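> Take a look at the letters that make up each chain.
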Amino acid sequence: KAGVTQTPRYLIKTRGQQVTLSCSPISGHRSVSWYQQTPGQGLQFLFEYFSETQRNKGNFPGRFSGRQFSNSRSEMNVSTLELGDSALYLCASKGRLAGDIQYFGAGTRLSVL
Amino acid sequence: DAKTTQPPSMDCAEGRAANLPCNHSTISGNEYVYWYRQIHSQGPQYIIHGLKNNETNEMASLIITEDRKSSTLILPHATLRDTAVYYCIVRVANNYGQNFVFGPGTRLSVLP
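First to last, the sequence lines map onto chains A and B.
Number 60 in my numbering belongs to position 61 of the first sequence; there are no gaps in the numbering.
All you need for my numbering is the position in the second sequence, starting with 1, plus 2.
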């Protein structure tokens, strides 16, 4: 079974631009969560999507948004990029096993110049 | 804030057992404890989880105290490839639902 796939792996943008990151979950998983990891703040929860609906969100500004498609693939978008948005963005998918285990992708490393 | 506390770092000799402690004194009765590890700049890798009984899989063992206020992850024969940051996680409720909250974890260094 293929794991969680995130594309692209690396991205360089400049301040003020916007960016879209993609996540394909494990086949059969309907929940996708996004996290931001920075050296200063560690791993922080952004939001979770389930069946095309956002059902949970963390404490991030509205510049961070996401969506989920009918095939459970998800995208997250960051608009008006700031230098502080430079981070590793991780996606995790979850099935219906007891215990809510999340499986993470390798991440997209975003550098904002 | 994370509901768990872990030592910031630990060393372990290669081939010996690595015992990583975690305190989760405010855990509620139906919450699982999850362990993940992250090798530098990769995505976190699921290791094991448990509710109240001790658990074992091909990667590790999880020992949960009877009062469920703490747990220990055991890597029985640590190798150099086990060098990583280990996270002990309990889900945290916010205004919208529950989600994983990662603390700083324990940086395990396996030494040759």
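Hint data in this document are derived by calculation from the structure and do not stem from the laboratory.
Do not rely on the hints blindly, as some may be mistaken.
Stated by the list, open to error - Quick look at which bits of chain A chain B covers, simulated, 3 or more residues with Cβ under 8 Å:
id : region
1  : 19-28
2  : 67-78
Stated by the list, open to error - Facing chain B, a subset of chain A residues (Cβ under 7 Å, in silico):
id : residue
3  : Arg8
4  : Leu10
5  : Asn55
6  : Leu89
All values reported here derive from a predicted model rather than from experimental measurement.
Beta carbons are placed, not taken as given, at the ideal position from N, Cα and C, and that holds for glycine.
> Now tell me, hint by hint, if it's right for this structure.
Status of the hints after comparison with the structure:
Coverage of the region 19-28 of chain A by chain B is violated in this model, with 0 residues showing a Cβ closer than 8 Å to a Cβ of that chain against a need of three. Only residues whose C-beta sits within less than 8 Å of a C-beta in chain B count toward coverage, and the region 67-78 of chain A has 0 of them, not enough to reach three; the restraint is violated. Checking Arg8 (chain A) against chain B: minimum C-beta separation of about 11 Å lies over 7 Å; hint violated. The criterion of a C-beta within 7 Å of any C-beta in chain B is not met by Leu10 (chain A), whose closest approach is roughly 15 Å, and the hint is violated.
Interface restraint check: Asn55 (chain A) against chain B, minimum CB-CB distance 4 Å, threshold 7 Å, status holds. The restraint placing Leu89 (chain A) at the interface with chain B holds, with a minimum CB-CB distance near 5 Å, inside the 7 Å limit.
The structure does not agree with the numbered hints 1, 2, 3 and 4 stated previously, though it agrees with the rest.
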